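Trainee: From just these sequences and the hints, can you work out the full model?
Number of protein chains: 2
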Amino acid sequence: MALIVQKYGGTSVGSPERIQAVAERVKRWYDKGDDIVVVVSAMSGETNRLIGLMRAISPEPDPREMDVVLATGEQVTIGLLSMALKELGLEAKSYTGTQVAIRTDSSFNKARIESIDDQRMRADLAERKVVVVAGFQGVDDLGNITTLGRGGSDTTGVALAAALGADECQIYTDVDGVYTTDPRVVPSARRLQRITFEEMLEMASLGSKVLQIRSVEFAGKYNVPLRVLSSFGEGEGTLITVDDEEDMEKPVISGIAFNRDEAKLTVRGVPDVPGVASRILSPVGDANIEVDMIVQNVSADGTTDFTFTVARGEMKKAVAVLEKVAAELGAREVIADDHIAKVSLVGVGMRSHAGVASKMFATLAKENINIQMISTSEIKISVVVEEKYLELAVRSLHTAFDLDAEAA
Amino acid sequence: MALIVQKYGGTSVGSPERIQAVAERVKRWYDKGDDIVVVVSAMSGETNRLIGLMRAISPEPDPREMDVVLATGEQVTIGLLSMALKELGLEAKSYTGTQVAIRTDSSFNKARIESIDDQRMRADLAERKVVVVAGFQGVDDLGNITTLGRGGSDTTGVALAAALGADECQIYTDVDGVYTTDPRVVPSARRLQRITFEEMLEMASLGSKVLQIRSVEFAGKYNVPLRVLSSFGEGEGTLITVDDEEDMEKPVISGIAFNRDEAKLTVRGVPDVPGVASRILSPVGDANIEVDMIVQNVSADGTTDFTFTVARGEMKKAVAVLEKVAAELGAREVIADDHIAKVSLVGVGMRSHAGVASKMFATLAKENINIQMISTSEIKISVVVEEKYLELAVRSLHTAFDLDAEAA
Numbered sequence: 455m456a457l458i459v460q461k462y463g464g465t466s467v468g469s470p471e472r473i474q475a476v477a478e479r480v481k482r483w484y485d486k487g488d489d490i491v492v493v494v495s496a497m498s499g500e501t502n503r504l505i506g507l508m509r510a511i512s513p514e515p516d517p518r519e520m521d522v523v524l525a526t527g528e529q530v531t532i533g534l535l536s537m538a539l540k541e542l543g544l545e546a547k548s549y550t551g552t553q554v555a556i557r558t559d560s561s562f563n564k565a566r567i568e569s570i571d572d573q574r575m576r577a578d579l580a581e582r583k584v585v586v587v588a589g590f591q592g593v594d595d596l597g598n599i600t601t602l603g604r605g606g607s608d609t610t611g612v613a614l615a616a617a618l619g620a621d622e623c624q625i626y627t628d629v630d631g632v633y634t635t636d637p638r639v640v641p642s643a644r645r646l647q648r649i650t651f652e653e654m655l656e657m658a659s660l661g662s663k664v665l666q667i668r669s670v671e672f673a674g675k676y677n678v679p680l681r682v683l684s685s686f687g688e689g690e691g692t693l694i695t696v697d698d699e700e701d702m703e704k705p706v707i708s709g710i711a712f713n714r715d716e717a718k719l720t721v722r723g724v725p726d727v728p729g730v731a732s733r734i735l736s737p738v739g740d741a742n743i744e745v746d747m748i749v750q751n752v753s754a755d756g757t758t759d760f761t762f763t764v765a766r767g768e769m770k771k772a773v774a775v776l777e778k779v780a781a782e783l784g785a786r787e788v789i790a791d792d793h794i795a796k797v798s799l800v801g802v803g804m805r806s807h808a809g810v811a812s813k814m815f816a817t818l819a820k821e822n823i824n825i826q827m828i829s830t831s832e833i834k835i836s837v838v839v840e841e842k843y844l845e846l847a848v849r850s851l852h853t854a855f856d857l858d859a860e861a862a
Numbered sequence: 455m456a457l458i459v460q461k462y463g464g465t466s467v468g469s470p471e472r473i474q475a476v477a478e479r480v481k482r483w484y485d486k487g488d489d490i491v492v493v494v495s496a497m498s499g500e501t502n503r504l505i506g507l508m509r510a511i512s513p514e515p516d517p518r519e520m521d522v523v524l525a526t527g528e529q530v531t532i533g534l535l536s537m538a539l540k541e542l543g544l545e546a547k548s549y550t551g552t553q554v555a556i557r558t559d560s561s562f563n564k565a566r567i568e569s570i571d572d573q574r575m576r577a578d579l580a581e582r583k584v585v586v587v588a589g590f591q592g593v594d595d596l597g598n599i600t601t602l603g604r605g606g607s608d609t610t611g612v613a614l615a616a617a618l619g620a621d622e623c624q625i626y627t628d629v630d631g632v633y634t635t636d637p638r639v640v641p642s643a644r645r646l647q648r649i650t651f652e653e654m655l656e657m658a659s660l661g662s663k664v665l666q667i668r669s670v671e672f673a674g675k676y677n678v679p680l681r682v683l684s685s686f687g688e689g690e691g692t693l694i695t696v697d698d699e700e701d702m703e704k705p706v707i708s709g710i711a712f713n714r715d716e717a718k719l720t721v722r723g724v725p726d727v728p729g730v731a732s733r734i735l736s737p738v739g740d741a742n743i744e745v746d747m748i749v750q751n752v753s754a755d756g757t758t759d760f761t762f763t764v765a766r767g768e769m770k771k772a773v774a775v776l777e778k779v780a781a782e783l784g785a786r787e788v789i790a791d792d793h794i795a796k797v798s799l800v801g802v803g804m805r806s807h808a809g810v811a812s813k814m815f816a817t818l819a820k821e822n823i824n825i826q827m828i829s830t831s832e833i834k835i836s837v838v839v840e841e842k843y844l845e846l847a848v849r850s851l852h853t854a855f856d857l858d859a860e861a862a
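As they're listed, the protein sequences go chains A and B.
In the working numbering, each residue's number is its place in the first sequence (first place is 1) plus 454.
In the working numbering, each residue's number is its place in the second sequence (first place is 1) plus 454.
Errors might be hidden in some of the hints.
Copies of the same chain look alike in the list, so a pair counts if it works inside one copy or between any two.
Derived SDA-like pairs (lysine to any residue); straight-line CA-CA distance at most 25 Å [stated by the list, open to error]: (1) 583 / 507; (2) 583 / 510; (3) 842 / 472; (4) 813 / 664; (5) 583 / 598; (6) 675 / 658; (7) 820 / 842; (8) 481 / 518; (9) 771 / 729; (10) 481 / 828; (11) 770 / 759; (12) 564 / 545; (13) 583 / 637; (14) 583 / 603; (15) 564 / 596; (16) 820 / 686; (17) 583 / 563; (18) 481 / 514; (19) 481 / 507; (20) 770 / 737; (21) 486 / 766; (22) 583 / 596; (23) 481 / 509; (24) 481 / 512; (25) 481 / 510; (26) 583 / 514.
Honestly, the hints are just simulated from the structure, not real lab data.
If you're wondering where the values come from, they're calculated on a predicted model, not measured in any experiment.
Mentor: Shown next, in the form of structure tokens:
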């Protein structure tokens, strides 16, 4: 008998029929003898409806009152799901964030969970009740309703699993797991049975947006086994867990992430003196532009080229900032390129296997794909290539590193 | 400087624009220096939308979970109204029933208020904040969300006014006050400036459904001056208050109520022996049929006729019950008539003025209207007449008792 926390997103509870389907899924787990805590989001479309009402009244709604309004979305869902469970003959009980209580700080719209009172939930579970909790919301010390921000229901699920010491936190979504890469680009991409928290973080931050990064960090921190699976089909999904050193079969590379939404900026002919990187990047940061990869090469004639990437939509703004900086520094010129893409190999196995980088570069060279930038971390190697080569790069690497479904 | 509780119903807050109009009205009172507590209902249509979702999942939704879902309606409105008030530069703060807290018993869907914690509201008012409270809802001792049932927002308003010792509880509706009778029937009907709680109760229960009966009872019990006024126009509305013995100008009759929705049932030739009334009415009550007027006349030949009225929609069901009872009692026959109407004179002045009944009967006789039944109470005289004479009866009585606008 296990204790399972299940989280269902807005699409999974988007209509009375879908809520009934969720109830039936919960019942199947319950009937196996497991204790179940369910976390739900607002029905799809509801949050946008509420935001529309608020915007009609105020261009910048008061943050405290926004949370009062937004929190109703999940409150409706917990009531409806509890009813659906009772229709199936199960005992069920709903809780708002206030009722649990899920204590947060007072940062309205983006509150952080501080503690969770598990007493009521444990009492219900002891009586074999299904506990249904509103995701995304909490309550501060003064009794104010708070929300965790968009996507916060995943975090609620993980936090409840941690507080209850659950055996697993299951995140039901519209995909059936985490894949070696995007199946729309590589048809032979294969669902991973298992991935580590670190790998998932690298995959997620690189564009495989299956889970909210914050909830994965949270799960890693409290060591909560996290499983991503489909709320529409069957299947075991992907288990996200700690690095299991015992697993000798562990592949070198777990997956390939990529991102088209980047642009590359180069300041050429910068005097190669201490502090120059900071003088270039500080004004970029001050302009609220987030920088991703950064590369600087040594240069022979006393100057160097400084290159970094930003989100594609920020390129123009970044160029304006850089033109000014370049003039101040006496740099030669600023070059911008938004026809690039980033491709990254991710895998904890990389740590103990040499030669991943050279194999990656050789594979790309064989396809005549020029590498414009390289950046490495402990479990990731990223390269920037011309955008038109993105699919070719991902497919050839997917095959070279034995990720294709046939090789599984 | 007064403390005013204002309650706005679903139509008054039915759209973002209407919520903004309410905020402007609140601001006008606030700017006069008054302290304001606002109670709001769910936006019109919202409660029905939520009921639709629930019915799609369960034909008889769990009562606890129903209240969880229904309470979101008012929660959305308090957030939106607080935002609208802030847009006008006022400090405002919203409270759910739980947050106030409004303590109730645990009778989901029809909870009764047991106590109200006024601490937070008083602290806000002391800081010149407008306090915005969700109507219709409360919280029980275990932290469960409860609702007071439909129309319960009026009760919330009165209860808050009582707890805070407010100077007045204003109920904003889509009518501009309580009238001497229905203006659609008598164009010369006139708005009453003042009416007593008792009179209002008799008027309300007889069909002038301006206020929820329960909130009037509540206001009378705690002596909270209640004012009915329009949320769309201006004007002073009608003040409902205790009987002011000092007012020498008090009219004998305050208003005329009427009800078309009744049917008359007569059991003829019932043996005139003790216990027969109970033997007739018990099975009617057992069938959940509510009885209104009851008349029994003595009879000469050892039998009597027993007559009572029920809601028109219940007539068929009542006849079926009575046919059976009549057979058991050896009664002659059962006669049913749904072409009737009830007309009632209401007024606390009746207590000290003889001759109201005779003047009423004479007025109707002059118009050749036959009286089928008569029933009296301390501040009310009701008669049943043929339905087609209803308008004529009401108009002639309205004139006879000096209620016409010209006479005001």
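Trainee: Give a verdict on every hint.
Mentor: Each hint, compared with the structure:
1. 583 / 507: between (36 Å within a copy, 23 Å between copies)
2. 583 / 510: For residue 583 and residue 510, the Cα distance is within 25 Å only across copies (23 Å; inside one copy 41 Å).
3. 842 / 472: Intra 40 Å, inter 53 Å, cutoff 25 Å: neither.
4. 813 / 664: neither (28 Å within a copy, 82 Å between copies)
5. 583 / 598: For residue 583 and residue 598, the Cα distance is within 25 Å only across copies (16 Å; inside one copy 28 Å).
6. 675 / 658: within (16 Å within a copy, 62 Å between copies)
7. 820 / 842: within (16 Å within a copy, 99 Å between copies)
8. 481 / 518: Cα proximity of residue 481 and residue 518: across copies only (20 Å, versus 37 Å in one copy).
9. 771 / 729: within (23 Å within a copy, 93 Å between copies)
10. 481 / 828: Neither way: residue 481 and residue 828 sit 50 Å apart in one copy and 61 Å across, limit 25 Å.
11. 770 / 759: within (20 Å within a copy, 94 Å between copies)
12. 564 / 545: between (33 Å within a copy, 22 Å between copies)
13. 583 / 637: For residue 583 and residue 637, neither the intra-copy (39 Å) nor the inter-copy (56 Å) Cα distance is at most 25 Å.
14. 583 / 603: neither (29 Å within a copy, 27 Å between copies)
15. 564 / 596: So residue 564 and residue 596 pass the 25 Å test inside one copy only (17 Å; across, 29 Å).
16. 820 / 686: neither (41 Å within a copy, 77 Å between copies)
17. 583 / 563: between (31 Å within a copy, 22 Å between copies)
18. 481 / 514: between (42 Å within a copy, 20 Å between copies)
19. 481 / 507: Between copies only: 21 Å across chains, 36 Å inside a chain, cut-off 25 Å.
20. 770 / 737: within (14 Å within a copy, 84 Å between copies)
21. 486 / 766: neither (49 Å within a copy, 54 Å between copies)
22. 583 / 596: between (30 Å within a copy, 17 Å between copies)
23. 481 / 509: between (39 Å within a copy, 21 Å between copies)
24. 481 / 512: This pair counts as between: shortest inter-copy Cα distance 16 Å, intra-copy 43 Å.
25. 481 / 510: between (41 Å within a copy, 19 Å between copies)
26. 583 / 514: The answer is between: 20 Å across copies meets 25 Å, while 41 Å in one copy does not.
Of the numbered hints given earlier, the model fails hints 3, 4, 10, 13, 14, 16, 21; all others are met.
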